[in-house]
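Asker: Whole structure, please, built from the sequences with the hints as guidance.
Residue numbers (this note's numbering), protein chains in the order written: chain A, 6 to 691; chain B, 6 to 691.
To be clear, the hints were calculated from the coordinates, so they are not data collected in a lab. Every residue gets a Cβ at the ideal spot worked out from N, C-alpha and C, and that includes glycine. Some clues are possibly wrong.
One side of the interface only, derived from the structure: several residues of chain A facing chain B at Cβ under 10 Å [claimed, not checked]:
{"#": "1", "residue": "Y40"}
{"#": "2", "residue": "I46"}
{"#": "3", "residue": "G49"}
{"#": "4", "residue": "G52"}
{"#": "5", "residue": "A61"}
{"#": "6", "residue": "Q64"}
{"#": "7", "residue": "T97"}
{"#": "8", "residue": "L200"}
{"#": "9", "residue": "I235"}
{"#": "10", "residue": "L239"}
{"#": "11", "residue": "E256"}
{"#": "12", "residue": "E276"}
{"#": "13", "residue": "S417"}
Protein chains: 2
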Amino acid sequence: MSSSSSAPPQQQVKKDAVPFQRAHLEGLCQKRFFYTQAFEIYGGVAGLYDYGPMGAALQANIITQWRNHFILEEEMLELDTTIMTLADVLKTSGHVDKFADFMCKDTKNGEIFRADHLVEGVLEARIQGHNMALAQESSAASSVTAADATTEKDDKKRKKKVKAVAVKLDQSVLDEYNHVLAQIDNYTGPELGDLIKKYDIRAPESGNPVSDPVEFNLMFDTNIGPTGHIKGYLRPETAQGHFVNFARLLEFNNGRVPFASAHIGKSFRNEISPRAGLLRVREFTMAEIEHYVDPLEKDHEKFADVADLVLAFLPKGTQEAGKTDLLHQSIGEAVKSGMVDNQTLGYFLGRIHLFLIKIGIDPKRLRFRQHMGNEMAHYASDCWDAEIHTSYGWIECVGCADRSAYDLTVHSKRTKRDLVVQKSLKEPNIYDKLVPELDMKKIGPALKKQAKPVEEAILALDQPALERMQSELKNGKTSISPSGATEPVELTGDLLKIELKTIKETIREFTPNVIEPSFGIGRIFYSLLEHSFWVRPEDNAAASTAAATPDKALTFRGVLSLPPLVAPVKVLILPISSSAELSPIVKEVSRKLRSANVAVRVDDSSATIGKRYSRNDELGTPFACTIDFATKAKGTLTLRERDTTAQRIGSIDEVVSVITDLCENRIDWAGACARLPEYSGEQAVN
Amino acid sequence: MSSSSSAPPQQQVKKDAVPFQRAHLEGLCQKRFFYTQAFEIYGGVAGLYDYGPMGAALQANIITQWRNHFILEEEMLELDTTIMTLADVLKTSGHVDKFADFMCKDTKNGEIFRADHLVEGVLEARIQGHNMALAQESSAASSVTAADATTEKDDKKRKKKVKAVAVKLDQSVLDEYNHVLAQIDNYTGPELGDLIKKYDIRAPESGNPVSDPVEFNLMFDTNIGPTGHIKGYLRPETAQGHFVNFARLLEFNNGRVPFASAHIGKSFRNEISPRAGLLRVREFTMAEIEHYVDPLEKDHEKFADVADLVLAFLPKGTQEAGKTDLLHQSIGEAVKSGMVDNQTLGYFLGRIHLFLIKIGIDPKRLRFRQHMGNEMAHYASDCWDAEIHTSYGWIECVGCADRSAYDLTVHSKRTKRDLVVQKSLKEPNIYDKLVPELDMKKIGPALKKQAKPVEEAILALDQPALERMQSELKNGKTSISPSGATEPVELTGDLLKIELKTIKETIREFTPNVIEPSFGIGRIFYSLLEHSFWVRPEDNAAASTAAATPDKALTFRGVLSLPPLVAPVKVLILPISSSAELSPIVKEVSRKLRSANVAVRVDDSSATIGKRYSRNDELGTPFACTIDFATKAKGTLTLRERDTTAQRIGSIDEVVSVITDLCENRIDWAGACARLPEYSGEQAVN
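Answerer: See the structure below:
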């Protein structure tokens, strides 16, 4: 963004005059086919969504920006690995045993609930009921209705809406509920079962008791090939596809770390009960980075680039105390104090922040929440989620975890393949070490079948154990219990020698640690739509007048203030009439913009200019060029900006050049205004 | 490509001096991590492949070109629909019942074969055995060994290699075998069973008899959600995702046809026994277009653009006669003669041809084969495959079918949703028609339960039937047999009137026909690698000398002559030494090329210049810039072309500008040579 220009135009337009209502946005997304429920004409399937032309283009643009911001900027190695995954790989990674949510069944009608969502929903409804009761008490003094008071609470829930009943709670109970809700992600299945019993939580609609929580694995399973012997799962993340290819990636990178692999692709989770639109789905596009580092060198060479950036942090301590206060701090300080574990993790938090802002996420609605103890995988050393605030509450959109050496270690162990990095030591490492030596010629005849197990047992001994044996051998003999043996095997000095030797290491071998930024593209996509959507007060007034219409939501005209960088179409070209005289100019302007890689759309329908503008405001098209008879007579073109609806004028080439700079983020609207005079309406007439 | 320049440099280099060997290419692809078998460290799974950094980039570039060539050029509506597909949708489309291959089992050891591949493999091996026997007879006179004679035959098979035994066949048997092989794709399962019995075809390795062919559905199945009641399949094609969204797409396109939707994404087929590397896989990237047209207007407005293009056709008649001769004809003639069903189909055949040539497929190894009767879906009116010749024989890489109105009709019928287009008629359609009118007040009491079935039966009558009833009514009464009735129901003139009325239609309603070009990106990717790969004679000689090396294939240095448009990296930047003086120039040149959107790679390893060149020849990098002390002293840069290894020289800015034009296909190497003088080696020294 050019630094020469003043505040971006977004800030000059009051976008919050009409309160956000999710139904308006959802209406727009359906009407303009951004996305829709999959198999809609078959009644749809929960958690599956199709993207239409506008949604597919917006998603593709977000992905292109992601590729530029991460893969190209950091020279990452891109992969495209299979979705279908061998069961054995996911057994090793722990997904077969642990990638599960807890579910409860209504004991009478069989309805299924996700256990944590059930507890959360019921407790929130009770708190809401308490507030309703308070509101009723003071209803004479206040005009706030119970329904108004609860709207925001309702919206926040990511699960099935639970109906609130006006019942007052004791302050101690209220405090307890709030404490549980603040750490709802921190409970194990049995703990959720205890909460269900303790608070007598029942199926919301039927009022029936629910079963104890049981685990449900979230992976879709199938068989590979016709034999039925090879089991496969649809990957729940792309990460394992990186790890199983680590040896080839390392070789491609000439054996050196740090480096990163990146993968953009579909993953699958068989959610128990998906709701909340695009935020909890069964099939989704992820973009994942696995950054491999030396565990002893987690500093990042470009850390200085982000060290001064101030982020909104929600550390684990705050949450464990049942609070949600944000800490605004620079990344440099956060790493220095140890709150963020290391520079590399901090660097990526900064890069994630910059990416999200660049594509249009509101920085005031973005926070970084640290995982609490139970929430984090046992092997992870630190984990932060970038959460974006939407009408559903704070939503995890990017996870950024230090996975330590866990994944590479387990795959290496299981496959008996080295997944390590060798690094030349600047100074050789010289030290003394006790080394056991077995006389293999004698040991075979002496120990027979036990020779091999004894050898393995001795090689596995640590230094203190070897020291003990060495001193025993000085007294003539020692003994060892190999695995499977019923009693110790005796060894004498002619079979085993233990001597102190000087070791000189010139190479250090280690399993790299992995820092993993993992992006849910669909969640970012939806959050961006919410942050971009608003309604012009005049359109709201018109819609209210027309409120008698059956489907009120659809009568709303919204605006999607998508940044030019990601907007599906950048420029709308509007011939003022369908006159054949204007058609060659329309083609010329389109061609000029297209050859500058600017996506254009011609709207030559018979609708009024105003209707065509507002239709394209709903598509998020940031700019519009009107082609009229002045264009023909004088070669001028008007340029309209979506948010302000301000219009400027210039020659075709001037306007094309300004648009190109706007779309490539070289100038903003203020910069454009500095280059093109205001359109008064007179330029076209004269 | 600029028309000013002479023949492209590819034709100036003799690339076929060293005969193609697949093992060399496969060695290169592994070594340079273009792709590898998925879960390799776990032993791999047949039919699943991962793309490494070079493969992922090449694939992404092919897809970008596809998007430009089809979606942007034709303003198609792009979709991104789910892979997970509701079973009901695929039941309607016919996939649940019919998307199957036939398999046979070894009756003793249980090994599974795809039935057509088994027949093909065994008969080909017998023909090969016959040729071996002939070769043995004449071995005194000829130096051709049996092994040599059969190499090509072996390579051609897309299935498990069957060992040939030297046995002569009667000419009549030989003719029969060849006749069967020419139409191997044309047999049903029972017909394959008959062939197996007739020719006593057995499991090749064990010699055991095989079972009758049974159907195996090729879709991966799973359950959606925790209940087990919602069945899903991984989509076997993206097409159904377009069709179920047809109503929204049509609305987005303001209700008008023709228009096309397009979708790039993964699809899945659970192949019985996948072999042949990337050509027969279980998970693959497809790019599919569904072009919706008025069935009465299958002409295409841009047909003239391709009418003169000459393609190599293999029509169905030729194949049914057991032959494979190609017909070289212009698309205009092919459509005029009716061989290609309509202009729209012909237009897409031309566009497919142009796309494949543009990304680097050898036009001499490309043909268009028409489907034979049994091969084509029953609803299709015509279907052509673009087949590319590789070491595996001719491979179907793009299908181009006229699917008629089949899909939209079946989905509409099943969901009771209109999937039709309404078109205003230029002239209203005015005609007379017999219209039945039932007196509903009387018919209820008179017919009771039968009133409804009678009404339905009458409304379903055609004009001749109505005419008969009308004349019967003139004689007092008529009768009708509604469905489910045991005997006809009598109707008199007071219940039913049939009169001739004048109808004026202003709108025609129809289900559009669908032309579907469907691209297998992985097959195109692999074919392109084969067409691009060659070995320089000098490298071949060096490798032959080193033939004692254990893994001979890997010692080969190959070249991948990928066009700049799709090459993963466009320019290699080579500092001639690791001197710190050169480092700022390396950064400057990289930055200049990157900001012109040219993908560069710096190789500052300590390997010799020659080794670094040849490493990048294997990555398909078309250009290299050497940065030496002359660059520092005089600001000159040398530019090397991969295929010819010719070098030119110019100032940094001149070279960057030439490279940009080369990469955007504005000039070819001859054009570059016209702008930059030859590098003699002296410019750097002086």
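Asker: None of the hints should be skipped; say for each whether it holds.
Answerer: Hint by hint, here is what the structure shows:
1. Because the beta carbon of Y40 (chain A) sits about 9 Å from the nearest beta carbon in chain B, less than 10 Å, this interface hint is met.
2. Against a cut-off of 10 Å between C-beta atoms, the interface hint on I46 (chain A) holds, since the closest Cβ of chain B lies about 4 Å away.
3. Of the supplied interface hints, the one on G49 (chain A) holds, with its beta-carbon coming within about 9 Å of a beta-carbon of chain B, less than 10 Å.
4. Using the Cβ-Cβ criterion of 10 Å, the hint placing G52 (chain A) at the interface with chain B is satisfied: the shortest such distance is roughly 8 Å.
5. Given the 10 Å rule on beta carbons, the hint for A61 (chain A) holds: about 4 Å separates it from the nearest Cβ of chain B.
6. Checking Q64 (chain A) against chain B: minimum C-beta separation of about 6 Å stays under 10 Å; hint holds.
7. For T97 (chain A), the suggested interface contact is upheld, since its CB lies about 8 Å from the closest CB of chain B, less than 10 Å.
8. The interface hint given for L200 (chain A) is violated, since its Cβ lies 21 Å from the closest Cβ of chain B, which is over the 10 Å cut-off.
9. A hinted interface residue such as I235 (chain A) counts as satisfied when its beta carbon comes closer than 10 Å to some beta carbon of chain B; here the least separation is about 7 Å, so the hint holds.
10. The beta carbon of L239 (chain A) comes within 8 Å of a beta carbon in chain B, closer than 10 Å, and the hint placing it at the interface holds.
11. Satisfaction of the interface hint for E256 (chain A) is found here, the shortest Cβ-Cβ separation to chain B being roughly 7 Å, below the 10 Å cut-off.
12. A least Cβ separation of about 8 Å between E276 (chain A) and chain B falls short of the 10 Å threshold, and the interface hint therefore holds.
13. For S417 (chain A), the interface hint holds, the least distance from its beta-carbon to any beta-carbon of chain B being 9 Å, beneath 10 Å.
In this structure, the one hint that does not hold is number 8.
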